[in-house]
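Chains as they are written, first to last, in this note's numbering: chain A, 1 to 360; chain B, 1001 to 1419.
Some hints could be false.
No farther apart than 30 Å at their CA atoms in a straight line, the calculated lysine-lysine pairs in the DSS-like style are these [stated by the list, open to error]:
(1) A:LYS267 to B:LYS1065
(2) A:LYS184 to A:LYS201
(3) A:LYS161 to B:LYS1193
(4) A:LYS157 to B:LYS1367
(5) B:LYS1083 to B:LYS1104
(6) B:LYS1109 to A:LYS188
(7) B:LYS1133 to A:LYS267
(8) B:LYS1367 to A:LYS201
(9) A:LYS47 to A:LYS201
(10) B:LYS1126 to A:LYS188
(11) A:LYS267 to B:LYS1104
(12) B:LYS1126 to B:LYS1065
(13) A:LYS184 to B:LYS1100
(14) A:LYS157 to A:LYS184
(15) A:LYS267 to B:LYS1100
(16) A:LYS188 to B:LYS1145
(17) B:LYS1021 to B:LYS1109
Here are some of the chain A residues that sit facing chain B, going by a computed Cβ distance under 7 Å [claimed, not checked]:
(18) GLY60
(19) GLY62
(20) ILE206
Keep in mind that the hints were calculated from the coordinates and are not lab data. Where a beta carbon is used, it is the ideal one built from N, C-alpha and C, also for glycine.
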Amino acid sequence: MKVILKHTLLASVVAVSAAAQAAEVNVVSWGGAYTASQQKAYQETYKDPDSINFINYNGGLGEVRTQVESGNVTWDIVDVLPSEARVGCDEGLFEELDRSAFMPAPDGTSMDDDIMVELPNDCVVPQIFWSYVPFYQEGTFSGAQPTTIADFFNVKKFPGKRGIHTWPNALIEMALLADGVAIKDVYKVMSTPEGIDRAFKMLDKIKDHAVFWSSGAKPLELVQSGEVAMSLAYNGRIGAAVLSEGAKFVTVWDGQVLEEEWLVMMKGAPNKEAAMDFLIHASSTASQAEQAKYINYGPMRASAFDIMAKGEPWFHNGKNIMEHMPNRPEVMARSVVASPDWWADYGDSVSERYTAWMGQ
Amino acid sequence: MSSAPATIDGPLLTADGVPLKESLEKSLRRSKLRALLLVAPPLLFLIFLFVIPIGNMLTRSVDDKLINQVLPNTFEAFEAWDKQSEPSEAMFEAVYTDLKNADKTDIGKSSVRMNYAMPGWRSLIKKTARKIKKMEPPYREAFIKADERWVDKDFWLSLGIMKDKVTFGYYWNAIDRTYDFDKNVIHVDENRKVYNLLWWRTILVSVIVTLACLVLAYPVAYLLATLPMRVANLLMICVLMPFWTSLLVRIVAWMIMLQQNGVVNDTLVAAGILADDNRLEMMYNFNGTIIVMTQILLPFMILPIYSVMKTIPPSLMRAAQNLGATPTLAFIRVYMPQTVPGIGAGCILVFIVAIGYYITPELVGGKDGRLIGNMVAYHMQRSLNWGLAAAMGTILLCVILVFYWIYDKIIGIDNMKMG
């Protein structure tokens, strides 16, 4: 009896470790179409696709900090938002990576110089740009159509409800832009208490018309069903509906707020070397460009952007992708690149005020 | 044992020559040990999954050690400062020494903590720390060159909030209060008040849900206990099926039923009861939270009441009626008092679960159906302000204990029957 038990135990241990080996690198990302694009562009083109295992999470550093502090790290790579990329690296939750190991652009530019924004720290590996942007359904407004961010806040000129999210990021910036603040001055104005008051005064104008959403699919539903006339949404969701499902959405490419998305390696990741190898592959120019075939988030590497622009129609179903890219040059000039440092400093106090504002 | 016969000198011995007292003690000790071993698993379970985490939570809610360890010279210089004059060169030098000696990760963690006391500290410390190696005296000029915010005296004054190793700041934050620079407790700005409202709403929702559950559960439990076995079993399955169904499935089902374009509204509009532009708002608000939480927590009320009702002999009701009571009177005077232990258990169970709820309010609460549990989750997962989350958790625990105490005073805890 004991012998049998011993063998069963041994067999199960072997089975478990075999399973662990089959999925060596745990990559944690947001799920849905986004993870699917990463799987297509990074995993399927990787030399050993079976060694990569994608896991979904809901963002935030709560789980990351728990794993690192308890010393029981099971994740290897995490897909994080800009403020988390900074706070996590500051707190020592992520590994600092050897920058020279990453692949340069085809013209020889090093990866760090190829990234379209300033590198915040040595923990991050470039992913994509995404944005908060206003949109509406064709035929919602007769006559003049909304073309600026000010139109979004103008319910007299463009009547109807507005869909906005339940946290203040991007909304403060947009409200100030709509109030006439120049793009380059947005964060300067936001750093003063009067600037925040000014933003909330603008938000007050749409408050009685606001429908709040907290999950990315919701704004599309709201606009599609006519429950709201215009809504903010993640640009990738709007693009996916237009590109893949033929939805008649019109994006207002003005005053959008661009956010970065980074990949990082967990401090004490169980499969450090394999994870690093995968990161090198995922951040290469070719992989980055490949990802844009499946989702209209903008690659962070300038060289990948060039490949796409020259390769149109680039989207996998034969449609043009550039007009849906949030970081194409003509749109960049009318966009704010979110400042994660500002949000890391003032995010808590503004969030409290925004929550109070919603509840009033 | 003092009852040893007085005629015998010396201690009483057992058959093998060991003094009786010792032998008794030994066997007593053995049985005590055995008892201890028997309760060890649940005891260890309690210690590891209850005492340690809660202790950890309590510690985190008041702990402010790290920052004092990382910036010892700074706080020393701060204490020596008169708070009126401009910060001196010596004070800047103290910060310089601390930042230079500290571990990079500790600086990161400290800067996040300092940012709670005054927004802006995080980037100020980070930016300065990045340039610290190249700095040369005079440090005041060097610091201001690194970041001009160092001229702002408020940053220095805010150190007063963090100078102690133990802080109650998180608790004050959790009830919309904060410290000023002299560590007096003040109200936060009117437009930043969030938590008090949420506390009251959380208690209100829990009370409403508990009462709603009681009203709905009592007749069901009565039917379960009194109907013939075959029908009662069927009814029991109807109660338990939703209980076993995944929480998310139930919530989504409610969304489909109750939303603006949902089944209920569509039916009412089709039947001509409601106008199309006057649909009921039952989802993504306070109502949604109440309706869905009541349905989800209902079994927690039904089952304890049912199990108590099952033990009440039907003959008592018959006897009461025999003695001249009307059925209603007999029910109120004889039957209901006997179900109080079940009601008590059900209410406590539902209330305690309801007060910490957060997934349901998150999904169906919209903007005015969110509860304090959502803020705890927010601070655990998003803002990473675990101190504040821990303080809220501790307050939540205290609220439950207060209600438990009130219950004990009114009904008596010995009177409770879980089943």
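Each hint tested on the structure:
1. A:LYS267 to B:LYS1065: holds, 24 Å
2. A:LYS184 to A:LYS201: holds, 21 Å
3. A:LYS161 to B:LYS1193: At roughly 27 Å apart (the allowed maximum being 30 Å), B:LYS1193 and A:LYS161 satisfy the hint.
4. A:LYS157 to B:LYS1367: holds, 27 Å
5. B:LYS1083 to B:LYS1104: Measuring from Cα to Cα gives roughly 29 Å; hence the hint holds.
6. B:LYS1109 to A:LYS188: Within the cut-off at roughly 26 Å; holds.
7. B:LYS1133 to A:LYS267: holds, 25 Å
8. B:LYS1367 to A:LYS201: Status holds; Cα separation ~19 Å.
9. A:LYS47 to A:LYS201: violated, 54 Å
10. B:LYS1126 to A:LYS188: holds, 19 Å
11. A:LYS267 to B:LYS1104: This hinted pair holds, its Cα atoms lying about 14 Å apart.
12. B:LYS1126 to B:LYS1065: holds, 20 Å
13. A:LYS184 to B:LYS1100: Between A:LYS184 and B:LYS1100 the Cα gap is close to 34 Å, so the pair fails against 30 Å, i.e. violated.
14. A:LYS157 to A:LYS184: holds, 27 Å
15. A:LYS267 to B:LYS1100: holds, 23 Å
16. A:LYS188 to B:LYS1145: holds, 18 Å
17. B:LYS1021 to B:LYS1109: violated, 60 Å
18. GLY60: Where the cut-off is 7 Å and the nearest Cβ of chain B is about 4 Å from A:GLY60, the hint holds.
19. GLY62: Cβ of A:GLY62 sits 4 Å from chain B, so the hint holds.
20. ILE206: violated, 14 Å
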